[in-house]
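Chains as they are written, first to last, in our numbering: chain A, 8 to 107; chain B, 2 to 549; chain C, 211 to 717; chain D, 15 to 692; chain E, 13 to 180.
Everything labelled a hint here was simulated from the structure, so no lab data went into it.
Heads up, a few of these hints could be off.
Per label pair, the in silico range of CB-to-CB distance [stated by the list, open to error]:
#, chain 1, residue 1, chain 2, residue 2, range
1, B, 461, D, 44, 52 to 58 angstroms
2, B, 54, C, 619, 44 to 50 angstroms
3, D, 37, B, 461, 44 to 50 angstroms
4, C, 681, B, 461, 56 to 62 angstroms
5, D, 655, C, 581, 31 to 37 angstroms
6, C, 477, B, 215, 27 to 33 angstroms
7, C, 271, B, 62, 37 to 43 angstroms
8, E, 124, B, 215, 44 to 50 angstroms
9, B, 54, C, 253, 56 to 62 angstroms
10, A, 95, C, 234, 33 to 39 angstroms
DSS-like, lysine-lysine: derived pairs with alpha carbons at most 25 angstroms apart [claimed, not checked]:
#, chain 1, residue 1, chain 2, residue 2
11, C, 565, C, 578
12, D, 386, D, 590
13, C, 565, B, 194
14, B, 117, C, 578
15, C, 578, C, 506
16, B, 113, C, 578
All C-beta atoms in this analysis are idealised placements derived from N, C-alpha and C, irrespective of residue type, glycine included.
In case you want the letters, here they are:
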Amino acid sequence: MVPIAYYLVLAAILFCIGIAAFLIKRNVITIFMSIELMLNAVNLTFVAFAHMWHQVSGQIFVFFVMVVAAAEAAVGLAIIIALFRTRQTLNVDSVNLMKN
Amino acid sequence: MNFDHIILTIILLAPLVGALILAVIPEREGAKTHHIGALVVTLFTFLCTLHLAAHFNYASAPGTFQFEQTVPWIASPHINYHVGVDGLSMWLVILAGILAPIGVLASWNAIKVRTKLFFVLFLLQQVAMLGIFMALDLFLYYGFWELSIVPMALLIATFGRTENRRRAAIKFFLYTFIPSAILLAAMIWLYTKTGTFDLPMLQQLAASHSISDSSAALWLCSLAFLVAFAVKVPVFPLHGWLSDAVQETPTAAVMVLAGKLGLYSILRFYFGIFPEQARHIAPLLIALGAIGIAYGALVALVQTDLKKLAAFSTLSHVSFIVLGIFSFTVAGLDGGVYQILNESLIGAALFVLLGLLYERYGTYDMRDYGGLAGKHPWMVTMFVVTSLAAVGLPMLSGFVGEFLILSGSLQAYIPHPMVWTAIGTTGVIFSAAYMLSMIQKLFYGDLGLRSEEVVGWDLKPREHLELWPLAVLFLVMGVFSPFWMKSIDMYGTLTADKLIHFEPGSIKHIETETYTPTANLTSQQLDVVSDLQSGKIAPASVASKEVR
Amino acid sequence: MSTNLLALLPEIILTITGVLVMVLEPVIAPGKSRKPLGWLAILGTAASIAATCYQKHVLNTSGVFTAFYSTVQIDAFSVFFHLLIACVVLVTLLASLDYFASPITHAGEYFALVLFGATGMMFMTCSVELLMVFIGLEISSISTYILAGFRKGQATASESSLKYFLLGSFATAFFLYGIALCFGATGSTSIGAIASGLNTTATPTLAILAVAMVLIGLGFKVSAAPFHVWTPDVYQGAPSPVVALMSTAPKAAAFAVLLRFLFNGTPQLRGHWILMVEILAILSMTIGNLGALLQKDVKRLLAYSSIAHAGYLLVAFTGVHKDAVSGALFYTAAYAAMNVGALLVITQISGFDEKLRSIDDFTGVALKRPYLAALLGFFLLSLIGIPFTGGFFGKFYAFSGAIHNGYVGLAIFGLANSGVACYYYLRLLAALYSRPLGDSSAAVLPARTLSVPAAVAVTAAALATLALGVAPNSVLHLVQHSAPETLPAYVVVPAAATVPVATTTAP
Amino acid sequence: MNTNLLWLIPTLPFAGFLLNGTLGRRLPRAAVTAIALLFTVLPALIVAQLWMYMKSASAPLSLSVASKPWIAVTGFQVNFAFTVDHLTLIILAVVTGVGFLIHIYSAGYMAHEEGYWRFFAYLNLFMFFMLVLVLSSSFLLLFVGWEGVGLASYLLIGFYFKRDSAANAGKKAFVVNRIGDFGFLLAMFLIIQHFGSLNFTDVFAKISATPMTGGFLTAIALLLVVGATGKSAQIPLYIWLPDAMEGPTPVSALIHAATMVTAGIYMVARCHTLFDRSPYALGVVAIIGAATALMPATIGMVQHDIKRVLAYSTVSQLGYMFMACGVGAYGAGIFHLMTHAFFKALLFLSAGSVIHALSGEQDMRVMGGLRKRIPITFWCMTMGVFAIAGIPPFAGFFSKDEILYQTYLWDNPLSKLLWAVGLFTAFLTSFYMFRLWFKTFFGAPRFEEHGPTHAPDLHAAHGAAVHASKSSTLTLEAEHDSGQAAHAHGVHESPLVMTLPLMILAVLSIIGGWVGVPLAFGGHNEFEHFLGPVFNPTEHVAEHVVTRSAEPVLAAMSVLTAALGFFVAYFFYYKKPGTGAALAKKFAPVYSLLDHKYWVDEIYGLVIVAPLLMVSRFVLGGLVEAGLVQGTGATLAGTTRGAGSLVRRMQSGNIRSYAGWLALGAAAVIAVVLFAHY
Amino acid sequence: MQTALFIIFGIAAIAGALNLLFQHHPINSALSLVVVMMSLAVLYWSLGAEFLAAAQVIVYAGAVMVLFVFVVMLLNAGVEEHTSGSKIAYIAGIPGAAAVFALLAFVFLKNKAALGTTQLGGDLNNVVSNLTEISHTLFTSLLLPFEATSILILVAILGAVVLARKEL
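Please construct the entire structure, taking both the sequences and the accompanying hints into account.
In structure tokens, the structure reads:
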């Protein structure tokens with residue numbers, strides 16, 4: 008008997024914590040994690056809406072998002088490794104060769 | 002075989018094809034291949050333009066175009082390849098035709114490296130210029146208008162004289178391009194209102210006041226047109242690009258840098274599409290023209306750099322034309338248009354001469370010169386002739402135009418025409434002052450600092466070939482002006498205010514002249530104006546009617 | 211041929227070619243040239259172009275059709291984008307055949323990734339189901355993330371890749387959120403269903419929120435300000451041919467999605483998004499141009515310029531549906547032609563190492579490489595918007611739509627902006643044709659000869675740019691009939707009574 | 015009479031100009047001379063024929079020819095059209111006659127100059143324009159000649175272009191004349207505006223047809239006066255004429271004494287219909303004339319350069335003519351114009367002969383006692399001096415007397431004052447001319463026999479002379495006709511080719527006035543009658559009848575003043591040669607004032623030229639051009655650049671910053687899309 | 013039950029997320045994220061998405077997060093340094109994030125009534141089971157995305173290989 012809106016707000020909280028984490032964390036991997044957090048928040052929204060509409064397609068979206076997240080994770084971590092190879096750092100603040 | 006319907010296209014294509022051919026001919030060190038090629042192309046184009054003068058029909062109805070060609074181009078938006086000339090543009094096309102070979106000759110020795118690039122750009126510039134003079138479709142016109150900036154900017158950037166050339170090129174480009182961009186917005190707006198880009202059609206719509214109901218929008222639109230053109234002319238406070246550009250531009254290109262393109266555009270498009278707005282804003286433009294005349298001349302007076310001097314003298318001269326055409330009198334318009342031709346030729350001659358000096362001595366600083374008259378008698382002769390034409394000596398070409406312009410501006414229906422005419426007329430004093438000072442500093446007195454370098458190196462045959470046609474034209478155009486004027490007059494009478502005509506025998510007092518905006522006059526208002534002229538009613542009542 | 215197959219023929223061809231390239235790559239001995247793979251990829255792209263043309267033919271005869279349970283819709287709109295993307299890819303492939311010199315062993319992957327990326331973009335443009343759009347977007351994004359970091363040796367490459375990846379994922383989350391909200395508001399993620407669902411929804415605010423989120427996500431993809439921040443850095447670090455590709459094709463695809471979503475999915479909410487689109491346009495134009503104004507690095511300069519061009523393109527969105535679509539499409543084509551051309555020429559001039567980076571380095575290039583310089587000059591002129599080039603006509607056409615719909619101020623602002631913009635293009639152009647400075651890199655530029663495929667590629671781009679400016683009739687005809695129709699993919703979804711899914715099937 | 019002959023009058027010299035101008039450099043000097051003389055004598059002959067024709071009572075009052083239009087726009091048209099009436103005829107005769115004589119003289123005077131062909135080409139060009147000016151039947155064509163003679167004058171003053179002073183003087187002449195032209199042009203514009211035509215006949219007929227006076231007619235008249243003050247060297251624009259003496263002496267004689275400078279008087283006379291309608295303008299003309307008569311005369315008293323004395327005297331005499339026009343006595347003005355042409359040309363040519371004799375020396379302080387050495391020149395010059403001083407029965411007496419008389423009769427409160435000024439000027443004229451006469455020809459020789467000390471090389475001589483003139487305290491502005499230097503073998507009489515014109519002009523200076531002997535002295539004043547058809551004779555005749563009695567008295571007074579001038583000069587410069595210097599010392603401030611020509615050049619320089627240049631350089635060139643015109647663009651560009659660097663600073667390179675922008679942007683987008691609706 | 017689950021695991025998820033934010037070591041952050049995912053799995057289940065709950069645990073927590081932890085270990089990432097590379101992230105970003113949240117929450121809460129409430133376990137209409145329905149939809153109307161995902165994964169693999177392979 009929880010209003011759907013509360014689930015949505017919960018998702019929004021998680022989403023925005025994800026944004027905040029992206030902004031605050033310095034470690035590239037953690038930043039990447041915060042993106043995963045944002046995706047999870049969206050997933051919660053999807054599920055909530057699927058529940059609301061009594062439709063399974065919302066759930067399938069979540070399923071696809073998981074797949075995409077996994078793919079992104081693979082690529083993203085590969086990128087992080089490539090970066091680490093050339094720069095020997097995981098701190099985003101030192102990844103600023105190109106600017107202006 | 003009758004070429005009349007395709008002659009303009011031939012004229013337009015000739016330099017374009019020439020440019021393409023020159024672009025694929027490889028360039029060899031020291032060879033004159035491209036010089037000769039460009040000369041052939043430009044001469045051919047010139048000969049083609051003469052066809053226009055030979056077959057022009059002076060009996061045609063005023064306001065109609067000749068040698069017209071219309072080819073559908075883009076279906077939607079509706080755009081045609083529509084070219085044609087009338088009394089106004091015919092001579093400008095021919096002018097562009099004759100200046101080109103002279104430009105090529107002037108570059109004969111001045112351009113030694115990258116000749117291919119130079120002449121390709123030069124011919125493209127020629128195409129753009131011819132296109133501007135011919136296009137009767139607003140879109141097509143705009144194409145050529147913008148296109149004309151590019152080769153010029155590149156010529157400046159590439160063949161400029163000093164390290165400042167890139168800055169000058171960009172400055173020139175920005176000054177002309179930004180207003181043009183806004184002009185484009187105005188053009189599109191016009192199209193959305195009228196559904197056509199065709200100039201004759203737009204003129205008809207303008208005449209019947211059916212372009213737009215919103216006078217404010219129409220005003221803004223007209224201002225966009227005016228500003229874009231005025232910058233290119235350039236009209237007095239908008240001339241910031243001129244002196245830098247003139248300093249850097251190579252001789253062949255500097256001849257066509259200022260003046261005719263902007264002025265023609267004003268005459269054809271601004272006056273054609275916005276006749277009412279043009280008449281309302283005329284007092285301002287007349288004032289700017291008059292100020293520009295005096296200003297340009299005075300600033301030229303204190304320059305030590307020849308090219309700067311030439312730049313400000315150009316400003317002064319084009320301001321004359323602005324003053325004339327915005328008077329909306331037959332004399333002012335005819336004189337203005339005629340002066341476009343003269344100014345171009347005189348400017349061309351002056352720049353060619355300066356270029357020749359530069360080729361010999363490598364400086365444009367007047368202080369480095371002096372006493373050359375004894376060594377270069379022909380050159381000094383040409384300088385003097387050109388200067389005299391420039392200062393408007395009667396019997397030379399500059400006079401006819403200036404005289405008509407100033408007499409027209411006095412008859413203009415603006416507040417205080419006498420004041421502006423007088424300010425404009427001061428130009429004759431100052432122009433004499435700076436031109437003669439220049440001659441004195443260059444040629445008279447003792448040989449300057451470079452006396453050891455001065456060799457007996459007067460004009461060569463090629464240089465004579467560049468200058469004599471111009472010199473002869475100065476004289477011929479100064480003496481036989483009706484030959485040109487009869488076609489120009491077809492345009493002038495059509496554009497001038499019908500209100501202002503002279504009634505033989507009637508004498509008007511200066512004091513009783515009252516400014517009446519002559520545009521947008523209904524027949525009823527026309528009566529009011531004539532009543533006013535005859536002193537029947539007080540000006541105040543007219544003012545109240547105008548406000549309505 | 212089955213409708214499903216026909217609808218996806220270009221994508222299928224590209225995928226198969228991609229897989230083939232991928233499979234053949236390890237077969238070729240290390241150190242050997244990967245050129246044959248490149249040719250294979252080119253062949254595949256050409257075949258997909260042919261397939262698209264066939265689609266167009268079918269379209270002309272039998273009209274718009276959908277496939278895969280109305281997930282994809284083949285109309286003139288998608289055919290146009292298919293063609294555009296395939297052509298861009300083809301040109302890029304041609305020009306980058308010789309780009310990877312022998313020490314680079316994974317050139318094969320490059321070709322495969324380009325092909326897969328193109329597949330993703332094509333999915334984006336033809337699908338009317340947001341989930342499918344999302345998948346397509348991810349395919350194209352992930353391949354471009356990887357491509358951006360392809361010159362692994364350079365520190366800038368991995369940085370570029372990382373920035374693109376992190377920020378791209380960040381924005382994707384927003385886009386996904388938007389889809390979720392759409393689903394929440396209308397119970398469907400199919401564009402047609404969204405449009406009809408909007409009429410009955412109980413929570414229209416959610417839909418508005420969804421529009422905002424989608425704008426954020428796609429705004430990032432098209433690099434519209436303020437979501438442009440990644441563009442300069444990524445373009446600078448990425449290899450030039452990749453920049454050529456990623457600054458045009460994915461952008462075009464993203465614009466296609468945006469067009470479909472805004473004009474077909476949420477036309478009822480126009481009052482809400484139009485102002486935002488206007489603001490995005492203004493910001494993009496201004497920031498793009500201002501950022502480029504003092505830029506010295508040529509690739510960064512072009513990055514900023516692409517931001518500005520996104521702004522110009524967004525101006526077209528202010529027109530009425532048909533005008534907006536045709537204006538935006540034409541502009542996309544023109545922009546693609548000239549931008550691909552410009553960057554490919556830069557690729558040819560500066561090579562793999564990109565020794566020539568700043569404008570000063572490019573000083574005097576015209577002396578050593580006259581034809582390339584002339585072509586680059588031409589593309590720059592088109593980017594400025596000089597008449598008789600695609601750039602001009604595109605701008606003209608896009609802005610006419612806006613003015614026609616009453617957005618005169620916006621158009622004037624945009625055109626004035628393009629006036630400012632010419633400053634930096636012109637700086638580069640003037641540098642090209644200036645005498646080289648004593649120590650400029652162009653002075654020591656090796657007199658490399660232009661390979662035939664590359665020459666064909668840049669010439670084709672130039673010809674396309676010219677043709678779009680001089681004889682735009684055929685393209686105009688195509689884009690003017692491209693405004694996509696909203697085919698109701700689902701019946702109107704009631705509150706929660708019947709089975710909502712899959713009630714209609716493919717024709 | 016074939017009126018088409020009129021075309022030939024100006025065209026022939028033009029042909030001469032073209033021939034000499036293009037081919038002259040390659041032709042031998044004899045051929046150049048032949049061409050120049052031939053194309054000058056032929057117009058003179060045609061004029062003579064015309065004269066014969068027009069004198070007959072049956073002849074029409076005027077002859078006209080017109081060409082196709084020169085300028086033709088709808089509503090306004092100007093043709094090349096010439097008209098000859100009696101006024102024209104007189105001037106034509108003077109121009110062609112005196113012009114021809116001076117051509118002959120020049121052949122001798124310029125014989126050894128470098129730019130011989132150039133000189134004659136210019137001279138012919140001048141003749142062309144002068145004849146166009148005189149013959150024109152419209153304002154515009156008159157203006158053509160008006161400007162053209164200015165051009166010729168410019169070219170001829172700057173003939174010795176290597177000398178800065180000459181080049182400056184030429185430029186000054188042209189520019190100052192242009193100031194006058196400014197007025198002339200405006201006048202023409204007003205005429206077009208009000209009359210729609212520039213033809214004399216049209217305009218004057220329309221003026222005659224209306225009863226109006228003043229108003230815009232005054233405006234037109236005053237603007238024309240501005241033009242005339244420029245060309246005819248009246249106050250305030252006379253300043254160019256003394257400097258114009260930098261030109262070769264024949265040029266001074268022809269252009270700056272006999273013909274061109276009188277164009278203004280001719281123009282006012284030609285427009286008498288207009289001026290008669292504007293008493294105000296006429297008053298201005300009279301006052302300007304009187305002032306111009308007086309002031310340069312005072313300057314002339316203290317000048318040492320022989321040509322400068324003559325130059326100031328010319329300005330003064332032009333003032334007389336102007337005054338005559340101002341009081342409505344156009345006939346008298348023209349009469350003086352004619353006689354002045356004779357005696358002033360004579361004086362200048364004689365001065366030239368003196369200078370020639372002294373190998374280029376122009377300073378009277380180093381002359382003296384030349385009477386015996388160059389007798390022909392002396393006697394000819396004496397005739398000229400007597401004529402200009404107004405000693406009867408020389409030509410100057412009659413014409414000057416006529417002017418003074420007419421001024422006296424002028425119907426204006428100022429008439430007596432102007433007459434007094436005229437009379438006093440007559441005294442001054444007599445004084446300074448005799449001063450010149452005495453200093454040059456009498457007393458002990460003060461010059462050194464130059465001998466062949468001058469280097470034969472022209473340039474070296476030139477340089478040396480310039481050097482000398484700078485170091486010398488005596489010479490003010492030494493003219494150096496460098497041609498003479500090479501062959502100077504001491505003081506010598508000029509060759510016949512130079513003295514012959516002198517003699518002819520001397521005769522004319524004696525008898526030239528006899529055509530206008532007034533009735534009071536038993537003459538018939540044929541001159542007035544001849545001009546009658548032009549200047550509306552009826553009024554004049556009536557006046558004469560009434561007031562004849564005053565004339566002999568006035569004439570006697572002027573003769574007395576002339577004699578007084580002679581005696582003062584005799585006393586100062588012959589009897590007690592030191593007196594002049596002593597006086598100069600005693601009245602040092604006055605002398606200094608006169609010696610510096612009232613500092614007019616300096617005042618103009620300080621009040622007009624310098625401020626103008628300053629304004630141009632600093633206000634226009636600096637403030638407006640650099641500040642406003644360039645500055646606006648620069649400011650805009652700077653602002654844009656500033657904004658550009660701001661945008662670039664936004665691009666910090668930091669991913670978190672970028673995410674920050676994205677987050678903020680996202681919030682903004684959501685807010686806008688949610689809340690902005692229209 | 014529903015309410016209790018929502019409160020408990022909602023708070024757990026938020027706490028996990030905040031912990032991710034405040035932990036300085038990436039491993040800690042990763043573990044916090046696992047907590048979030050687990051909590052979410054429970055919430056999924058409570059909303060009737062059993063299959064998703066399982067997938068969340070297996071795929072996300074099990075596979076993806078392992079990958080993260082693996083990379084953290086591989087790169088030997090330590091406690092993150094406190095560099096101050098970006099002021100904008102705090103000046104613009106945090107307020108932006110807060111604003112986004114405020115706007116979202118505002119909209120959701122405003123539409124609370126229209127959005128309705130949840131029932132435990134959910135009730136899809138006329139279907140046998142959640143999983144049946146999922147598989148049915150997946151292979152009919154969403155067949156194409158499903159197939160296209162394969163390309164996505166292919167690209168990801170290819171990319172990972174290209175980028176992670178050591179050369180040059």
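*Is the gap between the beta carbons of residue 54 of chain B and residue 253 of chain C within 56 to 62 angstroms?*
59 angstroms, holds
_25 angstroms Cα cutoff - pair residue 565 of chain C, residue 194 of chain B_ = Outside the cut-off at roughly 52 angstroms; violated.
*Given a hinted range of 37 to 43 angstroms, is it respected by the beta-carbon distance of residue 271 of chain C and residue 62 of chain B?*
52 angstroms, violated
*State, for the Cβ atoms of residue 37 of chain D and residue 461 of chain B, whether the hinted interval 44 to 50 angstroms holds or is violated.*
Since residue 37 of chain D and residue 461 of chain B have Cβ atoms about 20 angstroms apart, the given range 44 to 50 angstroms is violated.
*Does the hinted range 31 to 37 angstroms hold for residue 655 of chain D and residue 581 of chain C at CB?*
Check passed, 33 angstroms falls within 31 to 37 angstroms.
*For the pair residue 681 of chain C and residue 461 of chain B, does the Cβ-Cβ distance stay inside 56 to 62 angstroms?*
Violated, at about 47 angstroms.
*Given the hint that residue 386 of chain D pairs with residue 590 of chain D, does the C-alpha gap stay at or below 25 angstroms?*
21 angstroms, holds
_Check whether the Cα positions of residue 113 of chain B and residue 578 of chain C lie no farther apart than 25 angstroms._
Holds, at roughly 17 angstroms.
*asked:* I want to verify a distance hint. Is the separation of the beta carbons of residue 95 of chain A and residue 234 of chain C within 33 to 39 angstroms?
replied: 35 angstroms, holds
*Is the gap between the beta carbons of residue 124 of chain E and residue 215 of chain B within 44 to 50 angstroms?*
48 angstroms Cβ-Cβ, so the 44 to 50 angstroms window holds.
*asked:* Assuming the hint says 52 to 58 angstroms, is it satisfied by the Cβ distance from residue 461 of chain B to residue 44 of chain D or not?
replied: 31 angstroms, violated
*Should the hint that residue 54 of chain B and residue 619 of chain C are 44 to 50 angstroms apart at their CB atoms be regarded as holding?*
46 angstroms, holds
Consistency with the previously given hints fails for numbers 1, 3, 4, 7 and 13, ordered from lowest to highest.
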